[in-house]
Amino acid sequence: MEKVYIAGIGQTAVGELWKRSLESLSNEAIQGALKEAGKPEVDALYAGNLLASAASSQANLGVKIATNSGLDGIETMTTEAGEASGAAALRLGYLAVRSGYVRTALVVGVEKYTDIVGSSVENVISQTMDYDFEAMQGLTPLGQAGLLMARYLDSYHPPREALGALPILAHANAINNPYAMYRRAISTDAYHKAGLVCDPLNLYDAAPYADGAAALLITSDEKLSQTAEKAPIEITASTSTIDALALHDRPDALAFSAVTISVQKALARAGVSWSEIDLFELWDAYSIFGILSVEACGLAAHGEGWRWLAEDDHSPKGRLPLVTMGGNKARGFPLGAAGVYQAVEAVQQLRGEAGANQVDGAKTAMIQAMGGPASNVITHIFSKL
Amino acid sequence: MEKVYIAGIGQTAVGELWKRSLESLSNEAIQGALKEAGKPEVDALYAGNLLASAASSQANLGVKIATNSGLDGIETMTTEAGEASGAAALRLGYLAVRSGYVRTALVVGVEKYTDIVGSSVENVISQTMDYDFEAMQGLTPLGQAGLLMARYLDSYHPPREALGALPILAHANAINNPYAMYRRAISTDAYHKAGLVCDPLNLYDAAPYADGAAALLITSDEKLSQTAEKAPIEITASTSTIDALALHDRPDALAFSAVTISVQKALARAGVSWSEIDLFELWDAYSIFGILSVEACGLAAHGEGWRWLAEDDHSPKGRLPLVTMGGNKARGFPLGAAGVYQAVEAVQQLRGEAGANQVDGAKTAMIQAMGGPASNVITHIFSKL
Amino acid sequence: MEIPRHWRLQKQRYGLVGEICPHCSAKIFPARDVCPECGGEAKEPFRFSGKGSIYSYTVMNNAPVGFERGLPYTIALVKLDEGPTVTAQLTDLGANKVEIGMPVQMVTRRIKEDGDERGMLIYGYKFRPVMG
Amino acid sequence: MEIPRHWRLQKQRYGLVGEICPHCSAKIFPARDVCPECGGEAKEPFRFSGKGSIYSYTVMNNAPVGFERGLPYTIALVKLDEGPTVTAQLTDLGANKVEIGMPVQMVTRRIKEDGDERGMLIYGYKFRPVMG
Ligand SMILES: [Zn+2]
Ligand SMILES: [Zn+2]
Chain A
-13 MEKVYIAGIG QTAVGELWKR SLESLSNEAI QGALKEAGKP EVDALYAGNL LASAASSQAN
47 LGVKIATNSG LDGIETMTTE AGEASGAAAL RLGYLAVRSG YVRTALVVGV EKYTDIVGSS
107 VENVISQTMD YDFEAMQGLT PLGQAGLLMA RYLDSYHPPR EALGALPILA HANAINNPYA
167 MYRRAISTDA YHKAGLVCDP LNLYDAAPYA DGAAALLITS DEKLSQTAEK APIEITASTS
227 TIDALALHDR PDALAFSAVT ISVQKALARA GVSWSEIDLF ELWDAYSIFG ILSVEACGLA
287 AHGEGWRWLA EDDHSPKGRL PLVTMGGNKA RGFPLGAAGV YQAVEAVQQL RGEAGANQVD
347 GAKTAMIQAM GGPASNVITH IFSKL
Chain B
-13 MEKVYIAGIG QTAVGELWKR SLESLSNEAI QGALKEAGKP EVDALYAGNL LASAASSQAN
47 LGVKIATNSG LDGIETMTTE AGEASGAAAL RLGYLAVRSG YVRTALVVGV EKYTDIVGSS
107 VENVISQTMD YDFEAMQGLT PLGQAGLLMA RYLDSYHPPR EALGALPILA HANAINNPYA
167 MYRRAISTDA YHKAGLVCDP LNLYDAAPYA DGAAALLITS DEKLSQTAEK APIEITASTS
227 TIDALALHDR PDALAFSAVT ISVQKALARA GVSWSEIDLF ELWDAYSIFG ILSVEACGLA
287 AHGEGWRWLA EDDHSPKGRL PLVTMGGNKA RGFPLGAAGV YQAVEAVQQL RGEAGANQVD
347 GAKTAMIQAM GGPASNVITH IFSKL
Chain C
118 MEIPRHWRLQ KQRYGLVGEI CPHCSAKIFP ARDVCPECGG EAKEPFRFSG KGSIYSYTVM
178 NNAPVGFERG LPYTIALVKL DEGPTVTAQL TDLGANKVEI GMPVQMVTRR IKEDGDERGM
238 LIYGYKFRPV MG
Chain D
118 MEIPRHWRLQ KQRYGLVGEI CPHCSAKIFP ARDVCPECGG EAKEPFRFSG KGSIYSYTVM
178 NNAPVGFERG LPYTIALVKL DEGPTVTAQL TDLGANKVEI GMPVQMVTRR IKEDGDERGM
238 LIYGYKFRPV MG
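Residue numbers (this note's numbering), protein chains in the order written: chain A, -13 to 371; chain B, -13 to 371; chain C, 118 to 249; chain D, 118 to 249.
Don't read these hints as lab results, they were simulated from the structure. By construction, the Cβ of each residue, glycine as well, lies at the ideal position given by its N, Cα and C atoms.
Below, a sample of chain C positions facing chain A; criterion: calculated Cβ distance under 10 Å:
#1 122
#2 123
#3 177
#4 184
#5 187
If you anchor each label on the Cβ, the simulated ranges turn out as follows:
#6 B:212 x C:220: 53 to 61 Å
#7 B:-13 x A:260: 31 to 39 Å
#8 B:171 x D:215: 31 to 39 Å
#9 A:140 x C:231: 31 to 39 Å
#10 B:339 x C:154: 30 to 38 Å
#11 C:248 x D:240: 57 to 65 Å
#12 B:257 x C:231: 49 to 57 Å
#13 C:231 x D:240: 26 to 34 Å
#14 B:339 x A:217: 53 to 61 Å
#15 A:182 x B:237: 55 to 63 Å
Hey, can you work out the whole structure from these sequences and the hints?
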């Protein structure tokens, strides 16, 4: 089996990018990743995307992207795993390179939700749930998060404002990320006073949908990954685990059991323990997801995740830094592209390119994306060589 | 690198299956494949699908399918490559098993276009083209095929009725396929008199859209693939190559150059030549695609593909049998699922289970799926051990 | 237009019809092809009583197309007395304060307008507080 | 509703505006970020003359939503005099018999009605026979 290295990264600023197309965003990220790797020959382009079919009427997206970027005659396909689609593209790229069949691949996460407007947005986003038995009752992903949060509050009685720790951290970190959508801090007070969107979930509990593209150049060619400027990064684990789509189809909705399995497998594959993980880009699509994730990871007991997040230091200088470049909450949440943004940010940290948010001596990073409320959990571990 | 074997196959009858859901069709195919392989533990389910998002509002389809079939805690993702989505799932499964990370995977191709009705069907199918510059002009995939056929007739002046050879062969073969949608022969005369749908393309030049699901159980475990009843089948090549989505973005629309590259790579990987290919499940979504495909494969000179198809014997007893179980034209064309149907049919041939359509002594088979008019071409070669 | 699938799911939506596993007697909703408890084939229809209690709930202030008229609406995870949990809107709340654990009973109501010019109305289960 | 993308592509659709590559002078339509001829970055707008000839054509008897009113319509691959090929409807055909190789000229016409209740009309290029 080949080892798999990350030799280049690229990303666009995240936001509501009305003027840009799926392929134009992709190209900006691709050119960034190609340039870093010295413009090598590319065998494949794997596109992670959730909405192009429903929102932009464009299937076979990888072909559209490749043609626009002058990548003729290569291999492409699109991967979809809900909001974890970008992470799925990374996993496909990892498998393809590891298998020896593909030497060098571009992994592109791209999303363009502003090709549609109005309440249709809720409809296309609701595809990530069980359509027949969740969406057809008028539920949305925001509503799923509201249901989880209500149950959590009722079960464990944390102080309501303590649940704001993760969004507050995310906003503090995004200030130093030039690609982030919201580069401003929010206070505990502002969090507490924020309007309810799905009672008890408030405006700051939900990451803002956004457009954007991020790209990775991955390769089995170790030389390609190493230059004077940057350390080679190896992908040391890649795992993917599902739970039911619908919350009602799970024995315990608060368990996020796919997180538990995915993380245990990833740590075993990489041969590391939590104490060796220097930063964790967890999935903060909703603040309650972050809480349930750290509990499912075993970082905190069930019912204690809110406390672990609120009372420990998870800033870039803390014991286990989280959402170091702003996470989905403040970097912005480009849905199917977000998993590749997480990967780009982890590489920035491992290379020592994270600026004011640099985690000192970061050698090993875990990133984790979710489709739905941990319906599909994809975990990767990267290590600096 | 691990070798990759096919240890089980399953398929549903193809047709307009109004009463069935995506997950119910998938389950029927999955249970067939699992049963054949002795119900092994499954690590992953890769779902090839084109329309679930646009036609059924269901993303993260693999999770829905897995939960319905009781496959909890496994890995899933959906692959999309236009109408070649099923073939893309097979390629992903191949890469995953070959990489050693996944031992046993289900590859499921499923399509359910009858979840919508009326002219919306044309809209969702038109996503396989360049939306901004083809679909937005009122073109459909049927129209693309009409444009290619008109140019071909004008360039090479074959007798118009000679272009019916492939659909006539497909219908003759489907008579003996119990899973086929149209199990009746069509005559040259009927072909010649068929109504025009996109002048010069007639009703019999286009494969009928359909619902259906097919599944493969693939594994690196050679023992699993071998039973007293069936020979083990190895996947000896898997290649994927793109061309531009839009016909207008290609230097020569009649060249189907992605077919040429994909086939050359596949033959080289498998270490075989055309003389060793015992049957070829080519892509007959439209009769003109079949003609351009055999030309791009090098089986006939440019402008001579119609003659090669019309004048040589390509029945199961002929020199190079094609569409042996009815192809997309007569088995029915379940879009993103069709690539997995091709694989199932090739396995039936290699195992000697093809009944009245058995190709004597078949040892090596090539299957080829296309997204769009060879915008995305995925070729596999299977060999009996 | 989604007429075929609404028609396909009509029994499940109108009558809260799921399945009972012929192998292990697990009661299943929504219906599945394979029993989540024992892995056996599940095909025997079972009509649920419609009695249950609230596992969790939230209030929707934005809605997808087809649900806007009911805004704001309360949606809940309802744990049915027979075992399974179901996602559904709460209705007929009146002055009742919704609480986790509160007993509820299934009723049939309009749940959605299909989004095309024909404006098809789709009916199905909602849950209301159990009176007295 | 697809207003943002129609607005984004308005120049390309109304004026047949593509690009000319600053590196190799290739003329490109539709616009791309990377020149298909030389691989350089392509960003210089170029307005095509709209003159060309028919590479192929077909007659559509079924149409997607938004195109039904024009049925049946003829759609063509038009090879522009400057090099690129474009997909477009033919219009103003009158008694002209369409033939491959026939010279045509771009005109601006209504191409689609956007499928929501507002019925937005989208305009863009079509091609008509060159007179005389
Ligand atoms: Zn059971
Ligand atoms: Zn150039």
